[in-house]
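2 protein chains.
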Amino acid sequence: MTGSERRHGGRPRSERADKAIIEATLDLLAEEPGVAGLSIEAVAARAGVGKTTIYRRWPSKDALILDALGAAKAPLPEPSGGSVREDLTGLARALTDERKRRYSRCFWNVVGGAEKHPELYARYRRDIIEPRREIVRRVLRRGVGTGELRADLDVEVAMSMLLGSLTSKRPEETFPEGHAEAVVDTLLRGIGTDAKRRGDGGSEPISAR
Amino acid sequence: MTGSERRHGGRPRSERADKAIIEATLDLLAEEPGVAGLSIEAVAARAGVGKTTIYRRWPSKDALILDALGAAKAPLPEPSGGSVREDLTGLARALTDERKRRYSRCFWNVVGGAEKHPELYARYRRDIIEPRREIVRRVLRRGVGTGELRADLDVEVAMSMLLGSLTSKRPEETFPEGHAEAVVDTLLRGIGTDAKRRGDGGSEPISAR
Chain A
1 MTGSERRHGG
11 RPRSERADKA
21 IIEATLDLLA
31 EEPGVAGLSI
41 EAVAARAGVG
51 KTTIYRRWPS
61 KDALILDALG
71 AAKAPLPEPS
81 GGSVREDLTG
91 LARALTDERK
101 RRYSRCFWNV
111 VGGAEKHPEL
121 YARYRRDIIE
131 PRREIVRRVL
141 RRGVGTGELR
151 ADLDVEVAMS
161 MLLGSLTSKR
171 PEETFPEGHA
181 EAVVDTLLRG
191 IGTDAKRRGD
201 GGSEPISAR
Chain B
1 MTGSERRHGG
11 RPRSERADKA
21 IIEATLDLLA
31 EEPGVAGLSI
41 EAVAARAGVG
51 KTTIYRRWPS
61 KDALILDALG
71 AAKAPLPEPS
81 GGSVREDLTG
91 LARALTDERK
101 RRYSRCFWNV
111 VGGAEKHPEL
121 YARYRRDIIE
131 PRREIVRRVL
141 RRGVGTGELR
151 ADLDVEVAMS
161 MLLGSLTSKR
171 PEETFPEGHA
181 EAVVDTLLRG
191 IGTDAKRRGD
201 GGSEPISAR
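These protein sequence lines are chains A and B, in that order. Residues 1 to 209 (UniProt numbering) make up the first sequence, in order. Residues 1 to 209 (UniProt numbering) make up the second sequence, in order.
Treat the hints loosely; a few may be bogus.
Identical copies carry no separate label here, and so any pair may be met within one copy or between two of them.
What the hints assert, rightly or not - Straight line, CA to CA, 25 Å or less: simulated BS3-like cross-link-like pairs of lysine-lysine: (1) Lys73 / Lys116; (2) Lys19 / Lys116; (3) Lys100 / Lys116; (4) Lys116 / Lys169.
Bear in mind the hints are in silico, worked out from the structure with no lab data behind them.
Given only the sequences and the hints, what does the whole structure look like? Please build it.
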């Protein structure tokens, strides 16, 4: 949440209005036109509040959307600091579970509308996605430090494989039971054996390219 | 391509019209409203042909869109049958290069509109995406057969990691040079070492879960 843009009056009535506004925003954002179809007027009508009630709390449509997206994502679990396998599995499980949530389609629509709404998309990446990616990145870096992960690990490549495999499907497409654990296991131990075929480029480390 | 739905008259003038229609379809599909914003009327106007010219060749808007998407994707390279590493790298390179193509945004829009256009999306998956996934799947299965890949490999999990890491970014976001090679290398050898921390669940095969 971009907390500085949102002021709670502390009064229950105001909190109820906030909640109704956030929910109306997410409902509209989940519909097909996505960001393009969302207006302060439509949010006000759906939430049953006046437009000024919204403008009093959020300076712009983008600020409202970002707060709503922040409210729709549960925080990722805090890494335990035990094993890297354990921490990656916990994060991967949280990411697959998230897909079942009511508002997962909103995120898809914001990403889909990035070309027309680049500023919103950039703030979404910076304020909502990057802090979550950073949690995963830190676990990988810690693993390199402890020797659980390869010393020559390309952290961004590993991130793209882990997160890509967990987030590239559409929200209504489900993963089989145990997908998160299987992805982490496969990422840790790899799919190759030591057997090689003639014509294989061998397994020189990437850094040798 | 759903070839049976498209009939070439064999005359140059007809081929020019086909090409103009396909290009107009892709241009419209690349715009923000995506599938929802594309009509036969709009395609006809942009291509400079009459609506009947379109209907003579394509029985429906969906059939036209699917042909246009098929025309916009270059075929994946034929696996050489040498080493699995070599074949996976060739496929991964083709997939990352494809992102730079003019019409990569069309695919994003069809996937983004899947909820409102489920039948089109299902045909897109079946006719365009699945045959491409099957090429990758066969290389992985071959690797299990030759012993280059682990005998207990979960092919679908490996697919989700390989393809997720190559396709989950938005089309205008680029990968660093060498990304395809790095992903294949990381997938083959894994990121873990044999070192383990207390509390680690160990490396029992997934099938033991």
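*Are the CA atoms of Lys100 and Lys116 at most 25 Å apart within a copy, between copies, both, or neither?*
between (27 Å within a copy, 19 Å between copies)
Original post:
Quick one: Lys73 to Lys116, C-alpha cut-off 25 Å, is that within a copy, between copies, both, or neither?
Top reply: Classified as both: same-chain Cα gap 23 Å, cross-chain 24 Å, threshold 25 Å.
With 25 Å as the alpha-carbon cut-off, assign the pair Lys19 and Lys116 to within, between, both or neither.
neither (28 Å within a copy, 28 Å between copies)
**OP:** Could you place Lys116 and Lys169 in one of the four classes (within, between, both, neither) given a Cα distance threshold of 25 Å?
**Re:** Both, since 22 Å and 16 Å are each at most 25 Å.
When each numbered hint is compared with the structure, a violation occurs for hint 2 only.
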